[in-house]
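Peer 1: Chains as they are written, first to last, in our numbering: chain S, 1 to 494; chain A, 1001 to 1494; chain P, 2001 to 2494; chain R, 3001 to 3494.
Note that these hints are calculated values from the structure, not bench results. Do not rely on the hints blindly, as some may be mistaken.
Pairs of lysine to any residue residues, derived as SDA-like cross-links and limited to a Cα-Cα distance of at most 25 Å, are as follows [stated by the list, open to error]:
1) Lys-2282/P - Pro-2115/P
2) Lys-1329/A - Asp-2379/P
3) Lys-2261/P - Thr-3410/R
Covered stretches of chain R (chain P as the covering partner; in silico rule of three or more C-beta atoms under 8 Å from a C-beta of chain P) [unchecked claim]:
4) 3016 to 3029
5) 3183 to 3192
6) 3228 to 3238
7) 3392 to 3403
8) 3409 to 3415
Facing chain A, a subset of chain S residues (Cβ under 10 Å, in silico) [stated by the list, open to error]:
9) Tyr-59
10) Leu-234
11) Ser-452
All C-beta atoms in this analysis are idealised placements derived from N, C-alpha and C, irrespective of residue type, glycine included.
There are 4 protein chains.
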Amino acid sequence: MLRSGKEHLETLRDGRRVFVGSEQIDDVTRHPAFRGAAETVAAIYDMKADPALRDVMSYEEDGGRHSIYFLRAKTREDLQRRMEGHRRIAELTYGMFGRSPDHVASFVTGMAMKPDALVPPCGRPDNLVAYYRHIRDNDIYTVYAVVPPQAARNPEFYQRQNIPVPTLRVVREEDDGVVIAGMKMLATGALYANDIWIGNVLPLAPDQKKEAITCAIPCNAPGLTLWARKPMALDAKSEFDSPLAWRYDESDSMLLCDDVKVPWERVFVHDDALLSRDIYIKSPSHCFGNHQSNVRYWSKMRLLLGLCSKVANATGADQVPAVRETLGKMAALESTIAGLVHGQINAFESWPAPYVCFNRRIMYAGLEWCTQNYSMFIDELRTLCGGGVFQMPADISVMENDELAAQFSTFWQTPQGDAITRMKLFKLAWDMAGSEFAGRHLQYEKFYAGASFIIRNHSFRETDWNAFNKLVDDLMATYDVPANKKKPGKVAAE
Amino acid sequence: MLRSGKEHLETLRDGRRVFVGSEQIDDVTRHPAFRGAAETVAAIYDMKADPALRDVMSYEEDGGRHSIYFLRAKTREDLQRRMEGHRRIAELTYGMFGRSPDHVASFVTGMAMKPDALVPPCGRPDNLVAYYRHIRDNDIYTVYAVVPPQAARNPEFYQRQNIPVPTLRVVREEDDGVVIAGMKMLATGALYANDIWIGNVLPLAPDQKKEAITCAIPCNAPGLTLWARKPMALDAKSEFDSPLAWRYDESDSMLLCDDVKVPWERVFVHDDALLSRDIYIKSPSHCFGNHQSNVRYWSKMRLLLGLCSKVANATGADQVPAVRETLGKMAALESTIAGLVHGQINAFESWPAPYVCFNRRIMYAGLEWCTQNYSMFIDELRTLCGGGVFQMPADISVMENDELAAQFSTFWQTPQGDAITRMKLFKLAWDMAGSEFAGRHLQYEKFYAGASFIIRNHSFRETDWNAFNKLVDDLMATYDVPANKKKPGKVAAE
Amino acid sequence: MLRSGKEHLETLRDGRRVFVGSEQIDDVTRHPAFRGAAETVAAIYDMKADPALRDVMSYEEDGGRHSIYFLRAKTREDLQRRMEGHRRIAELTYGMFGRSPDHVASFVTGMAMKPDALVPPCGRPDNLVAYYRHIRDNDIYTVYAVVPPQAARNPEFYQRQNIPVPTLRVVREEDDGVVIAGMKMLATGALYANDIWIGNVLPLAPDQKKEAITCAIPCNAPGLTLWARKPMALDAKSEFDSPLAWRYDESDSMLLCDDVKVPWERVFVHDDALLSRDIYIKSPSHCFGNHQSNVRYWSKMRLLLGLCSKVANATGADQVPAVRETLGKMAALESTIAGLVHGQINAFESWPAPYVCFNRRIMYAGLEWCTQNYSMFIDELRTLCGGGVFQMPADISVMENDELAAQFSTFWQTPQGDAITRMKLFKLAWDMAGSEFAGRHLQYEKFYAGASFIIRNHSFRETDWNAFNKLVDDLMATYDVPANKKKPGKVAAE
Amino acid sequence: MLRSGKEHLETLRDGRRVFVGSEQIDDVTRHPAFRGAAETVAAIYDMKADPALRDVMSYEEDGGRHSIYFLRAKTREDLQRRMEGHRRIAELTYGMFGRSPDHVASFVTGMAMKPDALVPPCGRPDNLVAYYRHIRDNDIYTVYAVVPPQAARNPEFYQRQNIPVPTLRVVREEDDGVVIAGMKMLATGALYANDIWIGNVLPLAPDQKKEAITCAIPCNAPGLTLWARKPMALDAKSEFDSPLAWRYDESDSMLLCDDVKVPWERVFVHDDALLSRDIYIKSPSHCFGNHQSNVRYWSKMRLLLGLCSKVANATGADQVPAVRETLGKMAALESTIAGLVHGQINAFESWPAPYVCFNRRIMYAGLEWCTQNYSMFIDELRTLCGGGVFQMPADISVMENDELAAQFSTFWQTPQGDAITRMKLFKLAWDMAGSEFAGRHLQYEKFYAGASFIIRNHSFRETDWNAFNKLVDDLMATYDVPANKKKPGKVAAE
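Could you put together the complete structure from these sequences and hints?
Peer 2: Below you can see the structure in the form of structure tokens.
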């Protein structure tokens, strides 16, 4: 089943409990802080259901037609199809929606390709497969909250000072399910989604059994409150002045559970700290989910490259050789992520049988590249903008006053463009590089997959060090201490 | 004369014409977008006039007591006094006010130390000295607008397309002065100042004579309109939520002159394109003005270092060796700008007689360091913050709702601090690293002194290349082609 | 025909005129400065001819079996085969041979896929195709010299001072060919090759017609002298002490022609300055040649990664979390070039019909990444080595003295390894990161494809800027000045 | 007493036991591997004794005239004098001698300004003061070896595998002194020095008492062998071809003690692991020693800047705006270290009474800047050189052959210079950026003061974190939760 955008918006009016500061939000699809992004999500659903894009955006299986990102890939071509599907979705938001409907769905799909990674009894593979079918067949939008609150990662800290550990955990088991309580960060996209997957992508200590709960709950679960961070759209004077914040602020929320009941059939891992993380990396889950993020980032790079080009045109700087060199460099950067995405397909892994997986090391290389460099990429756009962003009027309301409008149109035009088009461009560039929306993305991309050591540890783990050590050993084995010299073994033995 | 803060605020209610979008601002000292910053400026004036700081913040000359930044330095100790004065002012705003009252005053003072750099007849040294005395004696706050609008730097562009060149120029001369019209960017601080110095810090083409006008006009000059960029304070929900934007948004405005009359006694350079820029670099003007910027940046680095430390404490990351190493590195960076400021004094130049000047090459090295690295420094704070900035509630209004307040206080506390103190810290850090106010500073520091090649050209110009070439020549002169080999000269002559 | 290594070495004893300083080299295959590298080239030939590698290293066409790098690719699989062939060759030298036999051969092959890029009459497509067949069928090793001497790029310089322009040019035409004279840099690998391709990869000015000559000459052409730079192997005390310099110093030579005759059938472009460069970029020539370089660099990264790992093991630093993070980062870098190579295949271009080409933008992205970052990658190895490289004895001759040998074996051993194995590893690491051989590679990789602006210009040229500008235009077209505001067109028209 | 160079060379012919590989060196002042550097050291002594430089290079105290670097500074002017003295010495070697005679002398002098940092009974302040007077009065050249062998830092490693711990330690105490045995790295400069200071600049574990020995021994002490790393001068074909290696290779040696007796009066710390390191950082010792290194590095930057300029001239690239920008940037970098050196003086500390000290935080900022950036600085020179370094002949012996000499002189000349002068310049640049000598300096500067975390820990330790935290606390104390909102304390108390 493929939902329409309208149908999806209906599902969001479900009584969920959302706060922005002290303001409770009745309907995220209509509130000015959120309606723009809600419409963006609806547009994604409409695109998926568009008959013209039928082959690109969906596939058939088990008698139904499903979003392409539920496809369990068996061939290189299947991986290519997944990538194309992610790309269409990403391009709709210019990569601004990190947790679009295909993100967590890819995690679940990757896990459903190797359910035996959920080792019983603490793992519940059947529940996982059933959940996969459920969200696939009903076109459910699932997001996740898989990280404990910052500074709460060390429970001893709290215990020593007799403060309750705030991290979400199982507080009791009942016949029909578990009851969870506590806080988890950071349910990005939750305001526009149906379900929240709760789990642990960071390693837990073995004794953190009760925190090991991995499950899915609906966004309107009784006892669940979503504490939204400041919505960027709220400060936007108009779509013209803040076009990205207006439409693409996907929201981030702290998830606070006050005794939320989770039925057993939605529990995937229970009481096993190690397993609760292993399920992501011992199945294609982490790889499929983060491949989506590589593809999404690529769309962002494409918008960034377009903005660099347009801004350089607008200032006339594109005539300067050094600026053309910068544009060539930025184009190479866009091609780099393109190459890394394509490379993951060309060097795919035949794992887990009978399925195939994107090349994991290249995927992590992409993730490393993306998270390490976003600040620098945006800095290039800043450099190209120069002071241009500040010479524009505070907002487009200048056009409401005849005298100001006339002056603006006369004085702010340049040979490269009329005043309003230039202002439109610079406001857009500012929303990419300088606004609070931009600031959120600078923070977000840097911590997309956690602190840098986390990604590097993934890269370390997936590397076959023996092969690389052997390369050096083999080279060294081909020559030796010159013949007339004594060998160390002998000397040491004397 | 040393004004009080209250006296200064009075001078701002002078009928100046200021627009924010289409909204005309009646009184910048009372409008919510500007009153916080206006109070900050008043606090600077109060500090200068504080009897307890009399020796630090002021000096006596010509029968009056003046702000220290008007001191024409004759000794190393005088330079030290200037530096200390700048530092006090900078620390009051944590370096957030780039164009505090001591900035342009230092440019004017530097020029008044070598008025003969304003070569007559196009230069008018007497007017300059008189203006120096005027602002010194009346404690005037002068800012400047010394750059043409972006993309308008090539007048031919406009002429070819028959569009009026928007750059400010002299449109006619009259008995009592010149009349100027057009646009100039970017009068930072103008909303809180008394006068605007108009000039050209970027080189003009020789035929841009009419743009070469260098003069000073009051902020309420008839015909003058200030088009403010979006004020950051306007989006602040409260001082708690956006403490830096609330107080320290110094404002940037495009200056638009619709036939503004400038009396001859306020004209400093007229009709000489080359001279209009030379006056800054052939006198200590540029050096004194930018020394202030080095000192100001230092104060910002001090706040940044404090924030890095406090945030690392708040997350508990300060216990991690790698984070302590980062803090050590950041501390070294703070010491670097400290060292560069002090170094300019220790290696002072005895120029122009009978005065002394900060070491110019070290000052430009400081400027280069500051502008090249700000993005990177802020990126370190982002890294230390991690996702912590997004786990805080949208704003402090949560405390208005009893239930939310109780939950917040319980769940957001950590062993390192109570919920509100942590939120306060992260909101402050976000205003430094992620908010639109932060975005403006990231743009501002990068272009503080223009594009990077401009600063490097200053550095190139002040370097005695002969001395460095000689170093290599002298080294090479001490050895030669081995004796038994032929010399090139001979062979070439054959 | 596939030559054996021995057969190839025979071809090098052909009377070529080679100088190292004032020493003329009789036989590069036996001289201590060059024999190690000559043997390496022989090993490449042997590998290509090895029946066990028949399918990987060669293919059949026109009734013969040829080295795989002459394959004109018609499918994605063909591209994959080429890549695998390059990889085998590169791994044999750990990427140290930039101009292995597959490099220029790939340029020629790419050109032979689109000979009409050699537009007559100045271009001679038939000669090119004939030359392609000649080197393919006879397994010829061709290198090139395609850059004018540094500082000689501006002929006016020379003319103004009445100094002869040293750059190689046609000095006269004769019935049976052209006569060339002058200097060209930098014929890397020429000492071990059969032919030298002479051409221009940098743009010429339109009037540099006589320099536009593009042709091939044998390394023993009468009148040709090769001036070798300092051979790194000469300073090697032993293979143990300098294993990379010993074997893999491919040599760089200035090529000096004193009236060398080139028969017409070896002339490919004549008298057309623009065309002499266009033939590389308007055919797959530049792409095929530089794809090889991406693959080769990948092999170097593999050795580098192995060295990082082994050195970290040897010092015990691999137990430090921060060092493991570094290793994870380096592993991600190795995967990055792997991904870029694979990505060029997955995103191949169907051009020029009926052939296919590696994705050009991704290839240039790889080239940019490789040239920009080599210094940094080597710096990581330096960091991992620490002072370890200097605590080893000057050379392995210590083992010749019993007392020293005993002390060395006792005191230099560590729990991670015996003294000699550690010394062997650190000498190898030093040859990668610190020796003069390493210094040459640091210089070489940085200028592999010329100054950075050259690569970025390739990237700029191959980018479809309209597509990226359109992305921004399309986004901006979806919203406008709010309805109640005037449109700029109208105001401007008033 | 001030030694002449000749007198100093005499002191080096003292029977010291030095090995290069298996070759024992009889007389370092005459052996081709070392005589160039020995003459350089002699030149430093001659300069110090030069009557014309009497006031700059020496001072009087206790009835004698001493090298200026023994001056215990009591005023800012004294610090300035020390800096000038270091600068003269550094300029003589263009900063290539890290361990020139003023380096360890500064450590000892700094310690002699606060001998009570050597807390008895394990510390022996009287011995230290006596040693200070001894080396001052006799103009002794002392170097040091203060780091254990790499990988030997964890003694348990060795013990577990039953391998002797190689680190130097006290093996027995006797009436007239202690007996030490084992290895210590890396006695840079020892071949040209008189004494070696043995100690520990890295922290020891508390139980490493026997390694805590801090003492001084003569370079010819019975039982002491110096194992030199490969001497760079040995590969130099001529001074013309390798001018820096020829003269300035200061040597690095592993120090191996086979039961060396140290009389009690040369023992400074004994049996106190903590104290053995504290003596450097609880006295001005570390600061004075590393101030010298800042000054020395500055001289290197000056040569580097000269080379950048000359090379850009030689290639004609100095006419390219982007290259001039690079030169401006490099000039700013040279000014940065200049500023940091001067800043340490201007911001001097009045400690320890009655003496004064360079500003420690700025000194560490300098050290951080120097060690972090050397690779990057050299990379700029590489970039400016381009392929020019490889187009030069292998060595200057080409001038011995008439035909080659004529061709060389004709073809290698450019409008910027004759062939030999260009070759001379590029050989020099290569010795700075690409030769094995250059490789050693790239390694050396990076590890000058140990791994980067060590320097950052110094910076961390010297920073008054309370002051920076207070800055943030004070700012946050000036605003609060808005008045109408509840305070956290109250809620939490409910």
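Peer 1: Examine the stretch 3228 to 3238 of chain R for residues whose CB is less than 8 Å from any CB of chain P, and state whether their number is three or more.
Peer 2: holds (count 6)
Peer 1: So, Tyr-59/S near chain A? Judge it on the closest CB pair being under 10 Å.
Peer 2: violated (35 Å)
Peer 1: If you look at each residue in the stretch 3409 to 3415 of chain R, do at least three have a Cβ nearer than 8 Å to any Cβ of chain P?
Peer 2: holds (count 6)
Peer 1: Straight-line Cα separation of Lys-2282/P and Pro-2115/P no greater than 25 Å?
Peer 2: holds (10 Å)
Peer 1: Does Thr-3410/R lie within 25 Å of Lys-2261/P when you go C-alpha to C-alpha?
Peer 2: Answer holds: Lys-2261/P to Thr-3410/R is near 21 Å, not above 25 Å.
Peer 1: Examine the stretch 3183 to 3192 of chain R: at least three residues should have C-beta closer than 8 Å to a C-beta of chain P.
Peer 2: Holds: 3 residues of the stretch 3183 to 3192 of chain R have a Cβ under 8 Å from chain P.
Peer 1: Would you mind confirming whether the straight-line C-alpha gap from Lys-1329/A to Asp-2379/P stays at or under 25 Å?
Peer 2: The hint holds at about 19 Å.
Peer 1: Can you confirm whether chain P covers the stretch 3016 to 3029 of chain R, using C-beta to C-beta distances below 8 Å and requiring at least three such residues?
Peer 2: Holds, because 5 residues of the stretch 3016 to 3029 of chain R bring their Cβ atoms closer than 8 Å to Cβ atoms of chain P.
Peer 1: With a cut-off of 10 Å on the beta carbons, see whether Ser-452/S makes it to chain A.
Peer 2: Check passed: Cβ of Ser-452/S comes within 8 Å of chain A, closer than 10 Å.
Peer 1: Given that the stretch 3392 to 3403 of chain R was listed as covered by chain P, double-check it with a C-beta distance under 8 Å for 3 or more residues.
Peer 2: holds (count 10)
Peer 1: Using the nearest Cβ pair, does Leu-234/S come within less than 10 Å of chain A?
Peer 2: Status holds, d = 8 Å.
Hint 9 from the earlier list is the only one contradicted by this structure; the remaining hints agree with it.
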